[in-house]
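Chemist: Take a look at the letters that make up each chain.
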Amino acid sequence: MILLSVIEFFGHLHPLLVHLPLGILLIALMLQWMSRKNKYVALQPAVPLILLIGSVTAFASCITGYLLSISDDYDQSLVSWHMWMGIAVTLVSLILYAKEKNPAFAVNKKILSLGLLLLLMITGHLGGSLTHGSDYLIKPLQQIFSTDSMANTSIKPVANAQEAIVYSDIITPIFQTKCYSCHNANKQKGSLRMDEISLLMKGGKDGKVITPGNAGESELIKRLLLPTDDEHHMPPKEKPQLTENQVALLHWWITNNADTQKKAKELAQTDKIKSFLTALQAAPVLRNERTDIPVVAVARADEKLIDQLKGKSIIVLPVAQNINYLQANFVTDSLVDKSDLQLLVQLKPQLIWLKLANTNTIDETLTNIGQLTNLTRLDLSGTQITDKGLTQLTNLASLQYLNLAETKITIQGIQSLKKLGKLHTLYLFNTSLNSQDRLSLKKMFPATIIDTGGYNIPYLKEDTMLVKELIKK
Amino acid sequence: MTQKELHNQRLLREAERAVIRMQTRRHFIKESAMGLGALALGSMFGSCTNSPVQQSGVTFDPAHPLLPKLPQFAAKAKSVIYLHMAGAPSQLELFDYKPELMKMDGQDCPQSLLQGKKFAFIRGVPKMLGPQAKFAQHGESRTWVSENMPHLASIVDELSFLKAVTTDQFNHAPAQLMVHTGSARLGRPSLGSWTTYGLGTENQNLPGFVVLTSGGKNPDAGKSVWGSGFLPSVYQGVQCRSEGDPVLFIKDPEGMSRDLRKASIDAINEVNAEEYKSYNDPEILSRISQYEMAYNMQIAAPEVMDISNEPDYIHEMYGSKPGKGSFANNVLLARKLVEKGVRFVQLFDWGWDSHGTDASLAIDLGFINKCRSVDKCITALILDLKQRGLLEETLVVWGGEFGRTPMAENREGKPNPYKGRDHHTEAFTMWMAGAGIKKGFTYGETDEIGYSAISGKVEPFDIQATILNQLGFDHEKLTYEFQGRPFRLTDTRGKVITDILS
Chain A
13 MILLSVIEFF GHLHPLLVHL PLGILLIALM LQWMSRKNKY VALQPAVPLI
63 LLIGSVTAFA SCITGYLLSI SDDYDQSLVS WHMWMGIAVT LVSLILYAKE
113 KNPAFAVNKK ILSLGLLLLL MITGHLGGSL THGSDYLIKP LQQIFSTDSM
163 ANTSIKPVAN AQEAIVYSDI ITPIFQTKCY SCHNANKQKG SLRMDEISLL
213 MKGGKDGKVI TPGNAGESEL IKRLLLPTDD EHHMPPKEKP QLTENQVALL
263 HWWITNNADT QKKAKELAQT DKIKSFLTAL QAAPVLRNER TDIPVVAVAR
313 ADEKLIDQLK GKSIIVLPVA QNINYLQANF VTDSLVDKSD LQLLVQLKPQ
363 LIWLKLANTN TIDETLTNIG QLTNLTRLDL SGTQITDKGL TQLTNLASLQ
413 YLNLAETKIT IQGIQSLKKL GKLHTLYLFN TSLNSQDRLS LKKMFPATII
463 DTGGYNIPYL KEDTMLVKEL IKK
Chain B
2 MTQKELHNQR LLREAERAVI RMQTRRHFIK ESAMGLGALA LGSMFGSCTN
52 SPVQQSGVTF DPAHPLLPKL PQFAAKAKSV IYLHMAGAPS QLELFDYKPE
102 LMKMDGQDCP QSLLQGKKFA FIRGVPKMLG PQAKFAQHGE SRTWVSENMP
152 HLASIVDELS FLKAVTTDQF NHAPAQLMVH TGSARLGRPS LGSWTTYGLG
202 TENQNLPGFV VLTSGGKNPD AGKSVWGSGF LPSVYQGVQC RSEGDPVLFI
252 KDPEGMSRDL RKASIDAINE VNAEEYKSYN DPEILSRISQ YEMAYNMQIA
302 APEVMDISNE PDYIHEMYGS KPGKGSFANN VLLARKLVEK GVRFVQLFDW
352 GWDSHGTDAS LAIDLGFINK CRSVDKCITA LILDLKQRGL LEETLVVWGG
402 EFGRTPMAEN REGKPNPYKG RDHHTEAFTM WMAGAGIKKG FTYGETDEIG
452 YSAISGKVEP FDIQATILNQ LGFDHEKLTY EFQGRPFRLT DTRGKVITDI
502 LS
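Line by line, the protein sequences are chains A and B.
Quick note: the first sequence uses this note's numbering, first residue 13, plus one each step.
Quick note: the second sequence uses this note's numbering, first residue 2, plus one each step.
To be clear, the hints were calculated from the coordinates, so they are not data collected in a lab.
None of the values given here were measured: they were computed from a predicted structure.
Idealized CB from N, CA, C, for every residue including glycine.
Hints should not be assumed to be uniformly reliable.
[Claimed, not checked] Keeping only pairs whose Cα atoms sit at most 16 Å apart, straight-line, the calculated EDC-like set for lysine to aspartate or glutamate is: (1) A:473 / B:148; (2) B:322 / A:399; (3) A:284 / B:500; (4) B:77 / A:304; (5) B:496 / A:475.
[Said to hold, decoys possible] A short, non-exhaustive set of chain B residues, derived as facing chain A with CB atoms under 8 Å: (6) 4; (7) 75; (8) 203; (9) 358; (10) 389.
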């Protein structure tokens, strides 16, 4: 047991050591290449020494890497490729060292150097694939070509949970989002692979994880239910956890013999399970779909710009922790000037909520505002804008909330907003609209909630009457 | 000076320099060794403790304690208006319709309802008291509302009712403290203080947490229901008035010009800045920023607190009258404050303690008058916020500190002179609206006489957790380190009432 722990400890040094040969050998190759020029010929004597250091660290990495590979569970073929490439790096760097020391040695130095460079890159990449997953490097690029960038991390709603096949439509997505990252074709922690039903049923190094028909006895459920701090708890504390509903659904599936073919309606359901199943359907997700924060992440805004705006007592801050999208608000300072607008325009990628209510905003201001195409919420209530200004807003395609209450706009101006396809709520209280206009607005914006306000609370004589007096009489 | 003297002087200076050089080098090495050690130690222990600052994600910046801060997650509510009917209104004459109770009217209360129970005033065997108001269903949601609130009945489709709220305190002061500070005892920060501590406030010229009272008295628990407890004092509620000066002593004294005021505040701040240099006490920075805010407030507060510049149709809508102190005026003010970026507006209206000891506290007299004084303006508040596009981002909460008994009160065992009900902890009604709360929804149910909760039971901690949730905070993670442990509003309890969230 102690030996195993020691092995594991040295194995865990691998990620630390492995970067040394990478850097050192690259330096050696770079110096070697530079010293071909007369100007840098003085660098030449350093090359063999650096090569030697590099190959020694490469050797250490090979040893620790081997220890790591036997103490943890990785994809065998990927590991063996990585191992042989690593050994090759060590050997080639040693040969190159010998050549540097003894130029008579009968090998081609150029080919050897190039080969070493290639080997370094390949080994490094394979190592990266082992730790981060084989699609790690190009994943960000895939997002450019695919709009479905969240496919791997969030569960898509099912159309009708009762008609869905339990294993493939309900259970698999849970595994996919919460388990596969460590139990897949490339990486099998605890020798468990979950992405194939047969392998999942086979279990891991501690035996079966699923006992069909007996969820309470199934290691999978047991581990999910352990306290998060328990070292056997799954998923590990720092990874995304399953929700209560998801655990319940897994429990239900295993209780029903972990069937892979049947539809939900064919399995016995308690009221609780029924409600969890309904929760998987599109409806509740649709409700969340209208979010005024874009799903696609954005880069952090320039702090200097934000600080400049803050210096003018304009409130600019992210909409929440760990979100880079910004909200801006002129509630403390109701004077919007040119320089403020120029700064705002520079925050265009991040700025999604903007409140200019009761400021000195005029039509000209909207020229700049019209450039802030990521805005989802815009409040212009109580400003001096007119119909003319509204025509500047037609590019704000993401706009969901637009507040034009207490402005001088008319039906003509609002017409120019027809293009705003995502507009969800439009506030028009105290504008010059008549009842005819309101009717035509409804036709113009069939999918938009339009609030023209002007609510009347009828006068009741009881409102101001005291009951006590009535009784006395 | 002779040559020799000059030389000596030079030598001396050289020696001095050498000593300094030695010292600095030694000093540097010594310090860096210490520094490195400390760094290493810090990082080693860093993983052992749960630093509250990290946990809550809230950093307290003493120089700018009220600057707006980020919520933990994207918030539905930017502001809260909390309408507290101090004294506890009767749910049985407003929202919790119990026809069965009518049938028991005048009968002796069954022993099963009295055994092992404690009441504030009921002694012996009281008589049951049927609902003292007619009920009807309203809106698309078919919500039961009594005739006491005819206007509110017209907007039930905007509200989410909690019909089974419970508490464990049957006296006003502790129960009010429970609702607002999460503890029946004094010393905890209030809901509004936690909110401004977590979120700061948007308008830097106005307080972030404003308190308005009406009904002739402050709530029984006194000012501690809007106190900051152990949080920095800058987060306590600022009590404003709708009559006279909005904040006491906000006007400059006679003979003091604005320039002179500015000059004196600058001078005080300079002295404070000097003090800070020598003592490094962050409270001094707070004090400096408070002086600056007070100076700005002298202009901004009277402006926003003046409701006389509101158009007539708004006054008609709210039933407000400028120049008088009233709940309606306070409600209108609440809207104006929220519009100006005030984070938390807390309203207390006193006089809902319908024991039946006199006519003003009778369930069929004074209580009805109280209802009439709040019905129209609360309805106006919801509709006015709605038409201004503010209801989406403002959470409105209505309720008392507990409910009232289905039995008539019999103080000292004798029937009270008027119809009244005693304090009741086991079931009462509250409602919430706006900012991500379901519209036209009812959660929770009481038994057929409205005595106890039978489903959807919630307690004040759950309501607090829900309010914080709408403001973008996990109530378990908004904490403050005090007396060696992280404190939070809901302490060890609280569950967000997800059923009422849209």
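Chemist: Take the hints in turn and mark each one as holding or not.
Modeler: Going through the hints against the structure:
Using a Cα cut-off of 16 Å, the hinted pair residue 473 (chain A) and residue 148 (chain B) holds, with the two alpha carbons roughly 14 Å apart. Using a Cα cut-off of 16 Å, the hinted pair residue 322 (chain B) and residue 399 (chain A) is violated, with the two alpha carbons roughly 36 Å apart. Taken as a hint, the residue 284 (chain A) and residue 500 (chain B) pair is honoured in the structure, with Cα atoms around 15 Å apart against an allowance of 16 Å. Taken as a hint, the residue 77 (chain B) and residue 304 (chain A) pair is honoured in the structure, with Cα atoms around 10 Å apart against an allowance of 16 Å.
In summary, the hint linking residue 496 (chain B) to residue 475 (chain A) is not supported, as the alpha carbons are separated by about 38 Å, beyond the 16 Å threshold. Below 8 Å, beta-carbon pairs count as interface contacts, and residue 4 (chain B) has none with chain A, the closest being about 52 Å; its hint is therefore violated. Against a cut-off of 8 Å between C-beta atoms, the interface hint on residue 75 (chain B) holds, since the closest Cβ of chain A lies about 4 Å away. A distance limit of 8 Å between C-beta atoms decides the matter here; for residue 203 (chain B) the minimum to chain A is near 5 Å, and the interface restraint holds.
Evaluation of the residue 358 (chain B) hint against chain A yields a violated restraint, the C-beta minimum of about 15 Å exceeding 8 Å. A cut of 8 Å between beta carbons decides the hint on residue 389 (chain B): the least distance to chain A is about 6 Å, and the hint holds.
Comparing the model with each numbered hint stated earlier shows that hints 2, 5, 6 and 9 do not hold.
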